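Asker: Once you've looked at the hints, dock chain B against the given chain A.
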Amino acid sequence: MGVYQYMQEILITEGLSKSYGGVHALKDFNFAVKPGEIHCLVGENGSGKSTFVKIVVGAISPDRGEIILNGHRYPRLSPIQAIHEGIQVIYQDLSLFPHLSVAENIAINRLIAQGRRWVDQREIKNTAEEQLTKIGISLDLSLPVEELSTANKQIVAICRALSLDAKLLFMDEPTTALTKVEVDRLLSIVMELKQKGLSVVFISHKLNEVFEVADIITILRDGRKVGDFKPQDLDYKTLTFHMTGRKVEYPRYQRQIEDNTPLLEVKNLSRKGNFENISFQLYPGDVIGLIGLLGSGRTELALSLFGLNPPDSGQIYVKGQPVKIDSPFIARRFGIGLLPEDRQTKGLFLKKSVEENISVTLLEKIVSKLGVIRKKIKRLYSIQATEKMRIVVPDVETTVQNLSGGNQQKTIFARWAMTDPSIFILDSPTVGVDVGSKAEIYELIQSFAAKGVGIILITDEMPELIANCNKALVLRNGQVVAELSEKDLSSPDVSGRIQLLMSTNGNNRHSRKREEV
Amino acid sequence: MRTTKRFFTRNEFYLVIIIVMYSIIVAIKNPAFLSFENFFDLLRAASGKLLLALGVLVVLISGGIDVSFTAIAIFGGYASARLMLATGIDSLAFAFLVSVAIGFILGAINALIIHFFRLPTLIATLGTSSVFFGLMTILVGTKSINAGQMPSSIINFGSARLFEAVAPSGNTYGLSAFIIPVVIAIFVTWFILYRTLLGRGIFALGNSEESAKRVGFNLFLIRFFVYTYVGLLAGIMGVVYVAEVRWVNPVSLVGTELSIIAAAVIGGAKLTGGEGTILGTILGITIIQLLYSTLVFLGLSSSWNDLFVGVILLISVSITSYQQRLKSRRNLTFSD
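Residue numbers (this note's numbering), protein chains in the order written: chain A, 1 to 517; chain B, 1 to 336.
Chain A on its own, in the form it takes in the complex (with noise of 0.2 angstroms):
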């Protein structure tokens, strides 16, 4: 204990606040980590922990609230003034230049910190050499970025931060997408690092390697801190209790329908280096979920299906018929939807109504004869499409880009669902989605396929596909690893059979080539 009292904390947070349009994303944050300490945060998306980190480094500033920094008080930071203090942060896209080279990706916030002028390749090349021995690691300097893996980018981004002598690491989910051994050899750093001193806060969305990792974890629920806790004093039902403020207790799913004519039908499909030989069947009232670790060919297979991404053999039936799907635009005329992953930038027009977003999928349903668009009937149609799925909007020429995650997602959903898929492909529904809104969505899932659509859903989040699923195909590497019926998916210990499944340490995808460990 005593060492502490006279040890000062690096950072304190006092009364932060920061609110978007009325809607607080933090309030009232107070929040300390001392040195050499790792400091999980944990909470749903949404909960304010994206907020926090970039206040602390300087990205944006706050409404209220006061950032003490090695007993330095700010009110607000500069970016600059945070890296002085020691500030780092690994941003869950790593923030790297992808056409520079290793070399200068790593050394290159060191120069600005040091307020440099010249730039000398050698020294640039002599601090990236240093940084990489202290964690271990070699690979090649003059590549550019873009040529690594996700794991050595993600190498590279750690590099980046310790040449700065950082005194605090903020890491943002770094661990989402890594396979099993890479997550090891990151957390393994990870401990290295505190041994040396350095203070981690790290915010992840899994759960046992925050247990494995924390000396303290800080749980935050819609913009608020819920309390500070000792790993031992939690466990994972108390966490996601705290987390969700509730029980979370989705009910689940079960097929009602009896119709067994498959609505798709794929056999044997694969792409070169995207997946291989998969095949199943889905039917009316299926949902049927994908899981699998980023790489593993999950999101590959679905745009295949939506003809984004070409399978190079396989066949895929739709209702019976062999069909070829090589357009978006094929797959609408087999009554195939697809919600994609990244709603904000693959799905939705942000900068246009509400009404717009919706009937954008209605157009010949609501033009004449002539081709002229009957805006009566848009607006009748994106009204009872905001009714029918519960879009809270003060009215239908709302710009979307005003809206809540929840919101947003229920809008492009709304504009599949307008359009009466027999099948709905859903990437990821419920990304950056709180907590009310998911429930809602699984209710919207649920009752498409209560009335025989069969439904594709793409998760990551384990209680999400136990929740909506009846059937699940576990991918790794390009392949199904195994197929889940609904008594499979109704046992306790699921959630740990399919996380080994997905990560099971094989020959994977990511190359690791080029280092040596």
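Hints were generated in silico from the structure; no laboratory data involved.
Source: prediction; values computed, not measured.
We put the CB at the ideal spot given by N, CA and C, even for glycine.
Heads up, some of the hints might be wrong.
[Stated by the list, open to error] Once the Cα atoms are required to be at most 27 angstroms apart in a straight line, the calculated DSS-like pairs of lysine-lysine come out as:
#1 213/B to 167/A
#2 194/A to 167/A
#3 125/A to 213/B
#4 351/A to 213/B
[Claimed, not checked] Some chain B residues near chain A, calculated using beta-carbon distances under 10 angstroms:
#5 82
#6 195
#7 203
#8 207
#9 211
#10 213
#11 299
#12 301
Answerer: Chain B only, in chain A's frame:
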């Protein structure tokens, strides 16, 4: 080993091949092409374009685009010539000073508008291009200056040669003094891009604006530099241009900006930012200038020029775009 291998996969390698092959074809058709005289002529004619293209390269690397530089160049060149006539100061240094100052100011206006109104750079400079041009015609006038009126210092600069030789035909020819500003500009641009943190910031900004902000680059300073630097080079080019053609018509030059941008793009600079090399840009200008000056050797009229430039541009851009698509496919972005 790896560096040689890398060179063969690089854009520049193909450009060199294109240039060599084209030159061989022209030389076969018309052996006069392979004379030093012709070579020096090409060099002189390409000087102004290269000055502009270096500026364009820097803007493209930063992830922006500028279409106002021809307006800035003619503004600088024309205004300095007019001012020399009006004040009677017949000095080349004065001409450069005035033109560069105008270039700097107009470039700064571009930078401020782009940074503070967060305008897309194309729209912003499209607008300022008209504004600058309009401003010039209002403030300075539209009357052309012919060779007889032109200040002698400018005329002398246009015909100055670093060394001279006599061709078999009896003509004297030599290396134009234009090479001096060009070599300086190449060196300065190289030094800034590769030896200063500012230069690395320009690359970083073009790679990812968000990431550049996060590592602590001052984006305003970078943008300010980029657009004033383009203005500055355009100002220098303005004087070179006036000296090259020996008379100035204020409506000339504007409208040629796309061929300069095309040259930088042919040279491997990406409109998406973060990439581009000086060597590539020099080769791009070489190709454009070769086509421009040598179609007559092939017995083709100059109207073929645009066609060839267009075709080469399309081919080089298609190749890079295709490679990009293969790359993004691996990252699962399907944009087609």
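Asker: Could you tell me which of the numbered hints above are not met by this structure, giving the numbers in increasing order?
Answerer: Numbers 5, 11, 12, in rising order.
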